[in-house]
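> Here is how the chains run, residue by residue.
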Amino acid sequence: MNRILPVLTILLAIIAIWYAASVWMNAPWQTRLNERADLANVPFTEFVAQTWAQDKPVLPSPHQVAGEIWNATIALEPTSKRSLAYHGWITLSATLLGFAFGTSLGVLLAVAIIHNDASDRSLMPWIIASQTVPIVAVAPMLVVGLNAVGLTGLVPKALISMYLSFFPVVVGMVKGLRSPEGIQLDLLRTYDATPWQAFWKLRWPAAMPFLFASMKVGIAISLIGAIVAELSNTAGGGLGVRLLTGSVNGQTVQIWAALFIAAGLAAVLVAVVGRAEHMVNRRMGVRA
Amino acid sequence: MEASSLGLTFPAGDGDIVALSDVNLTIDKGEFVSFIGPSGCGKTTFLRAIADLEKPTSGTLTVNGQTPENARKDRAYGYVFQAAALYPWRTIEDNVALPLEIMGYGSADRAERVRRTLALVNLSGFEKKYPWQLSGGMQQRASIARALSFDADLLLMDEPFGALDEIVRDHLNSELLKLWARTEKTICFVTHSIPEAVYLSTKIVVMSPRPGRVTDVIVSTLPRERPLDIRETPEFLEIAARVRDGLRAGHSYEEVV
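Residue numbers (our numbering), protein chains in the order written: chain Z, 1 to 288; chain E, 289 to 545.
One should not assume that every hint holds.
[What the hints assert, rightly or not] Here are the simulated PhoX-like cross-link-like pairs (lysine-lysine), alpha carbons at most 20 Å apart as the crow flies:
{"hint": "1", "chain 1": "E", "residue 1": "Lys466", "chain 2": "Z", "residue 2": "Lys201"}
{"hint": "2", "chain 1": "Z", "residue 1": "Lys175", "chain 2": "Z", "residue 2": "Lys216"}
{"hint": "3", "chain 1": "E", "residue 1": "Lys317", "chain 2": "E", "residue 2": "Lys466"}
{"hint": "4", "chain 1": "Z", "residue 1": "Lys201", "chain 2": "E", "residue 2": "Lys416"}
{"hint": "5", "chain 1": "Z", "residue 1": "Lys175", "chain 2": "Z", "residue 2": "Lys201"}
{"hint": "6", "chain 1": "E", "residue 1": "Lys361", "chain 2": "Z", "residue 2": "Lys201"}
{"hint": "7", "chain 1": "E", "residue 1": "Lys491", "chain 2": "E", "residue 2": "Lys317"}
To be clear, the hints were calculated from the coordinates, so they are not data collected in a lab. Since we're looking at a predicted model, the values are computed, not measured.
Could you put together the complete structure from these sequences and hints?
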C-alpha cells in the first residue's frame, strides 16, 4: 500500500494538470467557435465540457485519448488497418528484430575491441561518430536505398533499430568485459588459462550486469528507431505511420493514442528485459 | 627455487623504479619462507616474479629448476592473493573447481579434489554457499583451497591474511601451519607482520626498500610443532628482535618524505 499510494497520487496529479491544461489550450478555439455560433454567456461548466469534447483539440482530454485507445484496440478487429493493435504489432516486430541485431552487433564489436588494441583505436571513433548523425536524416536514405536493392518490409526498419540500439551495448559491454580486477586476471594467468577460457569463465559473467543495463536502454531506443523508420515508408504501417497520418490530418486524439501505445510498449519491453535480468541474477547467485 | 643477482626495474616517467636489486636466495623443498619488510621493499614483486607475473630485468631465477614461465605453464604453484578474489557468481565448490576446469580435469576427479581440499581448510558443508554468504576469513580459506586443489608443490601467498582481524588471523595462522605439516608443500609467504612471520616460518627473509633488497635471512630455530603460545617464549622473542634489527639496519623505520 505505501508503494501504491505515492504512485496513485502522482498519477492523479498528472491527470488533473492535464485536464486543466486542455481547458486552457483549447479555450481560444472554443471561444471562436461559440462566437461564430452566436452563443453568448456560455456558463463556465458547459464551456469546460466543450473544451474537453472538441473534434480536433490542441490538447485532447485524457478521457478522449482513453476512448480512442479503447476504440482502436479492443473495439476493433486486430486485423483492421485502423487498429492500433495491428500497427503496434508491426512496430513491435521491427523493434524486436532490430534489438536482436543491435545487441548481437554490439556484443561482437565489444569483443573485438577488448581483444585487439588496433580495433579499439580504429572502431571506437566511428562508433561514436555514427551516433552523432541525426537518425531522422539517415532513416529515409537507408529505407530508400535498401528499397532500391529490393530489400523491403521488416528488415530495413529493423536495421534502423539496430543502428540505434547497438551503441549502448558496445559501450556497456566494453566496460563490462574489462570490469574484472587485475588479480582476477592474474589468477587465470597463474593457471595458464587461454584467452578463450578467460573470456567465458571470467569476462562474460562479469559483464552480465553491464549487458542488461545496456539492453534496457537498447530496447527502448530500438522502438524509437522502428517508429522513425516507419515515417519513411508510410505504406508499411506501424505506430509511426499512425503518428504521421494523425499529424497530417490534425487528428490530435489519434496522435496521442498512438503515443500512449508506443510508451506502453516501451515500458513492457523494458520490464521484460528487467525480468530476464532478474532470472539471470538468480542463477548467478546475486545477493537478493 | 633459486634466485641469483636478481633485479627488476619498472620504467617510470621520472626515472626508473628499482623494485628489486641484487637478490640472492635459495629456497629448498618443504620450507616455509616468509618475506617481511615495509611497503615498497619489493616482497610482493619478488613473489610475482616467481609466479611469472612480472619479468625480472637482470639476474637469473629458477623455479623447480626451470624458468618461471615454464613453471607457470607446468602449473607448478598455487597463488593466494591479498583478496580472496572468488568469483561472486560461483558457489564455493565451483570456485575451488575453477582451476581444475581450466586445466581439464574430469568431473569425477574434480568433485573428489574439491571435497578433499575443502575438508583440508575446514570448509566442508559450505560447498553450495556463495562467497557473499561467508565471512572474510572463510572466503580466504576458500581461496587457499582453490590454490591447493590441483596439487602444486609450491604455494605462493601474498599477504593472504592482511585484511583480516587479528583473532581470525591467529586462527588461520595455526591452521596454515597444520596444513603445511599435512601437505608438505613449499610455502612462500609475504607479510608485514613480524609475529606472523616468526610464528610461521622456517626461514625469514628481511627486505628493505629503495632499492628493494634482501638485508637479512634468518633461519628459525623454533620447532616445527608450534602452539599459539610459543609466541611468548624467549626463543620466539629473540628471533622477532633479530627481524626488527634487520628491518632497522635497512632503514625501514626511517620516515621517508
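> All hints, please: hold or fail.
Against the structure, the hints come out as follows:
1. E:Lys466 <-> Z:Lys201: Roughly 32 Å separates the two Cα atoms, so the pair is violated.
2. Z:Lys175 <-> Z:Lys216: 16 Å, holds
3. E:Lys317 <-> E:Lys466: Satisfied, since the Cα-Cα distance of roughly 17 Å is no more than 20 Å.
4. Z:Lys201 <-> E:Lys416: 18 Å, holds
5. Z:Lys175 <-> Z:Lys201: 17 Å, holds
6. E:Lys361 <-> Z:Lys201: Holds: Lys361 of chain E and Lys201 of chain Z sit about 19 Å apart, inside 20 Å.
7. E:Lys491 <-> E:Lys317: 12 Å, holds
When the structure is compared with the earlier hints, a violation turns up for hint 1 alone.
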